[in-house]
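Asks: With chain A held as given, fit chain B onto it using these hints.
Next come the chains, spelled out residue by residue.
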Amino acid sequence: MITFWVAVLAASILIYVLLDGFDLGVGIIFAFMPNEGRRLSLLQAIEPLWDGNETWLVVTGVVLWGAFPVVYATLLSAFYLPLLAMLAGLILRGVAFEFRDKSEKLRWVWDGGFVLGSLVAAFVQGAAVGALVEGLPMSNGHYVGGDFGWLSPFAALCGVGLCVGYALLGAAWLVYKCEGELKKTAYRLIRILSAGLLFFLVVVFALALNKNLAVMDRWMARPILFLFPMASVVAALLLGASVKQRWDAGPFISVAVIFASAFGTLALSFWPYMIPFVITIDRAAAPHESLSFMFWGAGLFVFPLMLVYLAFNYGVFRGKNRPSADHY
Amino acid sequence: MELSALLLSRLQFAFTVSFHIIFPSFTIGLAVWLAVLEALYQATDRPVFRRVFEFWLKIFGVAFGLGVVSGIVLAFQFGTNWSVLSRMSGPIQGPLLTYETFTAFALEASFFGVLVFGRSRVPPWLYLFSTAMVALGTTFSAFWIMVNNSWMQVPVGYALENGAFVPKDWAAIIFSPVVWVRFPHMLLASFITGAFCVAATGAWYFLRKEFEAEARVMLRMGLFLAALFVPAQLLFGHLTGDYVHKFQPAKFAAIEGRWETEQPAGEVVIAWPNAKKEANDFEIKIPFLGSLIASMSFDSKEVGLKDFPVQERPPVVIPFFSFRIMVACGLAMLALAWLGPYLIWKDRLEQSRWLLWLIFLSFPLPFIATLTGWFTAEVGRQPWTVYGVLRTADAATPFLTTRTVAISLALYVVLYGFIFLFGVFYIYRLLQAGPAGALVIASRDATPSRPMSVVKSSVVKAPLATGQAQEARGD
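Protein chains in written order, with the UniProt record's numbering: chain A, 1 to 328; chain B, 1 to 475.
Bear in mind the hints are in silico, worked out from the structure with no lab data behind them.
In this text the structure is predicted, and so the values were computed from the model without any measurement.
Idealized CB from N, CA, C, for every residue including glycine.
Please note that a few of the clues may not be correct.
Rough simulated footprint, nothing fancy, chain A against chain B, three-plus residues with beta-carbon under 8 Å [said to hold, decoys possible]:
| hint | region |
| --- | --- |
| 1 | 100 to 106 |
| 2 | 165 to 179 |
| 3 | 352 to 361 |
| 4 | 389 to 401 |
| 5 | 409 to 419 |
Just a sample of chain B residues kept apart from chain A, beta carbon distances all over 12 Å, derived [unchecked claim]:
| hint | residue |
| --- | --- |
| 6 | E161 |
| 7 | E210 |
| 8 | G266 |
| 9 | L292 |
With the C-beta cut set under 8 Å, the calculated list includes, among others, these residues of chain B facing chain A [claimed, not checked]:
| hint | residue |
| --- | --- |
| 10 | R46 |
| 11 | V48 |
| 12 | V69 |
| 13 | G94 |
| 14 | P95 |
| 15 | T261 |
Bound-form chain A, shown alone (with noise of 0.2 Å):
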């Protein structure tokens, strides 16, 4: 029963951060745009898909809530202001979509609450990975760290690099997305973006061997690790490959598994672990009465769905988008 909660929390988690990943992207490269024209283009590019995407972030705080009470608890409490700025992000974002076509003289207003929200969300999460790598100051198993204390240079650098990162995702949906004059300069985008990327996962992992953070005892006890590193190395070539052959779905799918392997390398360093290395999964997770009574309906029947769903939704706005195609 955890493993299975653990199971769609992994799942939902990835979902969130490769899907809102790559719109938040699109919102930070926003800022880069020279003309409405190009802006419009971007939109449409994450227009239909954004709120679904988000979506998954409302059900990762459900599921944790549900089957982890405790973390879901202790994490929120402790990120507290980080959490109120990403949620205001969040929410300034979503409204720029509506409002700012209704608008002419404040159309700005709504622009730059668009990037901001893309910036600040993309750099908070980061951020918290960040602060959970380094370890939260705790003790007891109650967070002591007061208003900033998951705020860290190690824990920035990863909100810079997290911003770094689903630009380049948000670049490499672009090419897949667009035609033309933008599809050309997101091409251009990732070659700058997947630079960028590799020089702050260089400094990161400099700076984890430095601090000798604890994370890395657990990847010399466990070399299978190394897996998802070897596995990133591949995606990155053929990042390189498909940016060279200008094959525009690769991209996308390169970057992806970068963030997956990436991703799994994190979970499979903190197992046992959930707030790493204070609470166990174990531990943290909910009494079997509340897991099993969530399995037999949301997590057997509702969840399933809800993937389905997902694949449909993103199979009807699949391929190019014409230039043309806000018009009848």
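Replies: Using the frame of chain A, we list chain B on its own:
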């Protein structure tokens, strides 16, 4: 009262949840009504039903979007501000909310898309089915929320193990009699809200002498439905009072403004409860009526607040007044909901401009009644978060500072105020444009996950569709 992190957290929760409830209480009723309209359209083939349907679908879209956005914050707020509660009651409230998200998301997401841009792509019966499924999705959502809140009001089916509430009997939790009184109470509140908003819009168009065919449908259906729902609501309101009387005597005494235990008990109609004096100022009281309302007898003994230690009494002023405001709104709505159909029957409603004005101006009443009803339930539950077992003071995140919560509360107030203003402004523009004669084709990029995009095409196109609408725009 000192501005502590606890008080600010309570204010923040009250603010965000009150903001949120405005939208679902409107859309749940509206979703059901849309399904009814579509069924009527398919049964009678009268185009006016179709026009009214398309018109309200757009408004539904905006309100639904605002409800979704404001709901996300709530999913996180339990953990951020009430970490002790979410840790302890997570095994019960977490699964209930998981069901809420999963069932509502699966249904709404799947069928909202069909509702918005699928009419030409699916057979009529499937379209009707989709409207019904969206209505069912919103109803499910309300159901799980009411199960959740009812468990906090009257916790059942659990055992306290290792500092957590462990569910022992899910059937007792879900089929608790309290749920089955409060869920219909909330559902009827939504139906009435929908009915009054529709009727008020119809009355408004009549007063402006435009869209009269559509306005007639709105006014008549709205009022007739309200005429049925409001009395049913008074019944369920009374039953809700019964559960409070039985399970939460302190809350009941606070609502009644009853300090001393009395036999037989009088009913305080109006007063100013004075907690310091433990008595009411300016009290107007009817003898015997208190016993009659509480226990259906003339000589029952009813407990007063002084029977409870001070630290177990709820605040009195808020439940006392919010309850009376709710009841006053309910009675006012009953008067309108019966007078209106009576005049329709006499064929005089459309000439009675004074009543049309009253109906038009009545649209805030159901919202006020819903909010004050919730204030009564939630403030009256204090000082407990989970009634009788977990105090609110012990449920909050222990290390939050006043400054931190002040920042978040301020940010929510600014942000919500901002999107609320814009949302209401767009709904107003839609209402002003009115149900234009030509059918508006949904914008191509309207999607299940982006309900508000429905508006895009219509705001622009609708005013140009008929001469009538252009006039309206000229005003």
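Asks: Confirm or reject the statement that B:E210 sits farther than 12 Å, beta carbon to beta carbon, from all of chain A.
Replies: holds (24 Å)
Asks: Grab the minimum C-beta distance from B:T261 to chain A and call the hint holds if it beats 8 Å, violated otherwise.
Replies: Since the shortest Cβ distance to chain A is 40 Å, the answer is violated.
Asks: With a C-beta cutoff of 8 Å, work out whether three or more residues of the region 165 to 179 of chain B approach chain A closely enough for the coverage to hold.
Replies: That given contact holds, which follows from 4 residues of the region 165 to 179 of chain B lying within Cβ reach (below 8 Å) of chain A.
Asks: Go check the region 389 to 401 of chain B versus chain A for me, would you? Three or more residues, Cβ under 8 Å, otherwise it fails.
Replies: Three-residue rule met by the region 389 to 401 of chain B, so holds; n is 5.
Asks: Mind taking a look at whether chain A covers the region 352 to 361 of chain B? Criterion is 3 or more residues with CB to CB distance under 8 Å.
Replies: Our answer is that it is violated, as 0 residues pass the Cβ test (under 8 Å) against chain A, missing three.
Asks: Under 8 Å, Cβ to Cβ, is where B:R46 needs to be relative to chain A, so tell me if that hint holds or is violated.
Replies: It is violated, given that the least Cβ distance between B:R46 and chain A is near 28 Å, above 8 Å.
Asks: Under 8 Å is the threshold here; is the Cβ of B:G94 close enough to any Cβ of chain A for the hint to stand?
Replies: Cβ of B:G94 sits 3 Å from chain A, so the hint holds.
Asks: Just double-check B:E161 for me: nearest Cβ-Cβ distance to chain A has to come out over 12 Å.
Replies: Check fails; 7 Å does not lie beyond 12 Å.
Asks: Hint check: is the beta carbon of B:V48 less than 8 Å from a beta carbon of chain A?
Replies: violated (26 Å)
Asks: Should the hint that B:V69 touches chain A count as held when the rule is a Cβ pair under 8 Å?
Replies: At about 6 Å, which falls below the 8 Å cut-off, the nearest Cβ of chain A leaves the hint on B:V69 intact, so it holds.
Asks: Can the hint on B:P95 be confirmed by a CB-to-CB distance to chain A that is less than 8 Å?
Replies: holds (4 Å)
Asks: Quick check: the region 409 to 419 of chain B, covered by chain A? Criterion 3+ residues, Cβ under 8 Å.
Replies: holds (count 3)
When the structure is compared with the earlier hints, violations turn up for hints 3, 6, 10, 11, 15 and for no others.
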